[in-house]
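Based on the hints, put chain Y in the right spot on chain W.
Protein chains: 2
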Amino acid sequence: MNFEYQNPTRIIFGAGNLSRLGEVAGGYGKKALLVTGGGSVKRSGVFGRAVASLTAAGIAYAECTGVEPNPRITSVARGAEIARKEGCDMIIALGGGSVMDASKVISAATLYDGDPWDMILHGQEHVYVPTEALPVITVPTLAATGSEANCGAVITNEETKVKSFIQIPLLYPKAAIVDPELTVSVPKDQTAYGVCDLITHVTEAYFNGSGTTPIQDRFAEGVILTAMEWGPKAIADGNDLAARTQIQWSALVALNGWVNVGTNAPYPVHMMEHTVSAYHDITHAAGLSIINPAWMRFAARTNTAKFVQFAERIFGLKATATDDLACALEGIDRFEQFLRSIDCPTRFSELGIDDALFETYATDTLKIVNDGQGNLPGIPVMSVADMVGIFRSAL
Amino acid sequence: MNFEYQNPTRIIFGAGNLSRLGEVAGGYGKKALLVTGGGSVKRSGVFGRAVASLTAAGIAYAECTGVEPNPRITSVARGAEIARKEGCDMIIALGGGSVMDASKVISAATLYDGDPWDMILHGQEHVYVPTEALPVITVPTLAATGSEANCGAVITNEETKVKSFIQIPLLYPKAAIVDPELTVSVPKDQTAYGVCDLITHVTEAYFNGSGTTPIQDRFAEGVILTAMEWGPKAIADGNDLAARTQIQWSALVALNGWVNVGTNAPYPVHMMEHTVSAYHDITHAAGLSIINPAWMRFAARTNTAKFVQFAERIFGLKATATDDLACALEGIDRFEQFLRSIDCPTRFSELGIDDALFETYATDTLKIVNDGQGNLPGIPVMSVADMVGIFRSAL
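Chains as they are written, first to last, in the working numbering: chain W, 1 to 395; chain Y, 1 to 395.
The hints are simulated quantities; they were obtained by calculation from the structure and are not laboratory data. Wrong hints could be hidden among the right ones.
As the list claims (entries may be wrong) - Under the rule of at most 30 Å between Cα atoms (straight-line distance), these lysine-lysine pairs were calculated in the BS3-like manner: (1) Y/K306 x Y/K233; (2) Y/K31 x W/K306; (3) W/K306 x Y/K318; (4) Y/K31 x Y/K85; (5) W/K42 x W/K188; (6) Y/K30 x W/K318; (7) Y/K42 x Y/K233; (8) Y/K367 x Y/K318; (9) Y/K31 x W/K318; (10) W/K233 x Y/K85; (11) W/K233 x Y/K318; (12) W/K306 x W/K42; (13) W/K318 x Y/K42.
Isolated chain W, as found in the complex (with noise of 0.2 Å):
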């Protein structure tokens, strides 16, 4: 264990804290570019109470609208556009992970002149590494990805098909109001993605990382636990404050670096997602809830007292000295039931994809993100034929 953590991010949390955002916003600026998705925050009453937060306030706003649910470097170009013709001095996200991980990503393309994916990891590099930003205020309305909470940004060159992601510590947003009552209004199906969304992140990390983080272990589980006690009562009720608020929670410390921190691991199952998401258009966790449990099996034969643990502490099951390999499988087995029974699809052919481009993911991917011999790092390493393996498994 040796590393450097620092997370700046102020978070206000709980249900009516949406009536803050001005007093907070005005700690920050004068003018913000107010970034928005497909409109459902117009449609529930969110936007509209945001802005009479920050008109109370004094704060003027600009608006960006449309951000993708997998979000296009050309809707961070529009953004840093409008931002700049409106003279914005802040960037408030108010939406899902898609809108948080755009307005990152606009906060430091507003005050760069050049092409913003210049910033993107693609071909193994950032062209450009931004060194200034404006100070962006994060208003999730989804219980899913943490960005509110963290530095990274993932975000799509629908040109070239390239779904790629940069993490700087400049990217931290200011503030987080993170105001369960702003998801009771999320539906099921998504309720019941960003479930699995979380639970991967964490997964991703324990699975993944150095193998001498107990606490960090004691902390993921901690976090699965308590998705999956909470998780299925938000997706059955979704005015569930109780509900909403825990799994709010836990998405936010699932990937705000508290249970993955000294861990150094790699996310290999993302890095898969992103490249078939970047042909499909898929939700990114209904990608994650097919290629997880698919990854696990082929990972459990390598790093099996792992999967033994895994399956101990989450499941209860008890492994005997014969049978290591059978117990990991088992608690697979019942991690996948969990996803099953929340209605995420744990097949390719559920989402109508066949195998015509598995290897083209699997190459796609390692152009991305590669261990200098050819392998996607992770516990263990991939080839191309790991991959198109693990992605023909979920067929």
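Same frame as chain W, but now just chain Y:
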């Protein structure tokens, strides 16, 4: 759950990082007040290595040595005086919790002309709440208090026998260089006290929190289980760097907010211990080790379900519907056995403390914190008689 959280401290964790002190300090100032305790850092060579790193980076320093185990307000005043006279522009705390706590208060006292005791809560108020402070860098040489990455400090007024605290965001250290190598020379008893201290930080929030924080519960249990697994290894072999690493990390996360955020818990065992150690100058954790199990047996009668959860999740016990309290008490017995197994005291008589001042401790505790109705906040709230009963049960 409704709270704000922001911990800006930059954590630099891992063996060998002491060598980065000069480089890190260079980001915050040119001349440091180097605060130390009784001299162990000089005997162990840590002081020399710290100075070498500062010197190599061109950072000058002045010294404030001899901060006591229960740091006194006179030491704070002395440190501030040196910092002013020597023109220091930052404070470096090289030591245990006492040194770090004193350093935080020195950082504000240096810029305050009045009596530094004004800043410490007493008579239920702060006479003065500081608004500016020099940057602080913490370099813990003991795994215990977690002071390295939080904004609290406990200070004793030796004249009035009041031991109280200040906890404000201004006092977050800018950086914490947490190098487990610095703890290998800590003797067995102090190592054990550190384990007891960090576990008590966690149990306070766990048992006195709002009751709707399932992730925080899991995180707390994770820290306790990790400390109980690795603590005895660090005690058995002080050179076991893996064990020192886990205990150092446990101590930090036990009190940097990740575990207790949102619980809104008072720390009644700490409040009671502070008054005891204000009179007897005992090691803080020795007092905690005595008072905490005694308090638990008292509190379990009210808050039985939470103590059952503790018994089940920490010790693998299983309550049946009819014996909840028995299960809860069995868990507390097991916890006390653990403390005894690492040679922590669990009775006042082991420290030569009799019942002469039990009522004084209780009434003094209420002078620092009470609920406005003459009780100490906690679950349940405690009267003077309750506290005396707890003290007596640990005689």
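Do the hints match the structure? See the list:
Between Y/K306 and Y/K233, the direct Cα distance comes to roughly 29 Å. Compliance with the 30 Å bound is thereby established for this hinted pair. A hinted pair counts as satisfied when its Cα atoms are at most 30 Å apart, and Y/K31 with W/K306 does not qualify at roughly 48 Å. At most 30 Å may separate the alpha-carbon atoms for a hinted pair to count; W/K306 and Y/K318 meet this at roughly 26 Å. Taking the CA atoms of Y/K31 and Y/K85, the gap is near 12 Å; set against the 30 Å cutoff, the hint holds.
Taking the CA atoms of W/K42 and W/K188, the gap is near 19 Å; set against the 30 Å cutoff, the hint holds. Between Y/K30 and W/K318 the CA atoms are separated by roughly 57 Å; this puts the pair beyond 30 Å, and the hint is violated. Annotation: proposed proximity of Y/K42 to Y/K233 holds, straight-line Cα distance about 26 Å (limit 30 Å). Between Y/K367 and Y/K318 the alpha-carbon distance is near 40 Å, which puts this suggested pair outside the 30 Å criterion.
Straight-line distance between C-alpha atoms of Y/K31 and W/K318 comes to about 57 Å, which puts the hinted pair past the 30 Å bound. Pair hint W/K233 plus Y/K85 does not hold up; C-alpha atoms about 62 Å apart against a cutoff of 30 Å. Between W/K233 and Y/K318 the CA atoms are separated by roughly 26 Å; this keeps the pair inside 30 Å, and the hint holds. In summary, the hint linking W/K306 to W/K42 is not supported, as the alpha carbons are separated by about 45 Å, beyond the 30 Å threshold.
At roughly 50 Å between alpha-carbon atoms, W/K318 and Y/K42 are farther apart than 30 Å, so this suggested pair is violated.
Taken one by one, the earlier hints fail for this structure at numbers 2, 6, 8, 9, 10, 12, 13, listed in ascending order.
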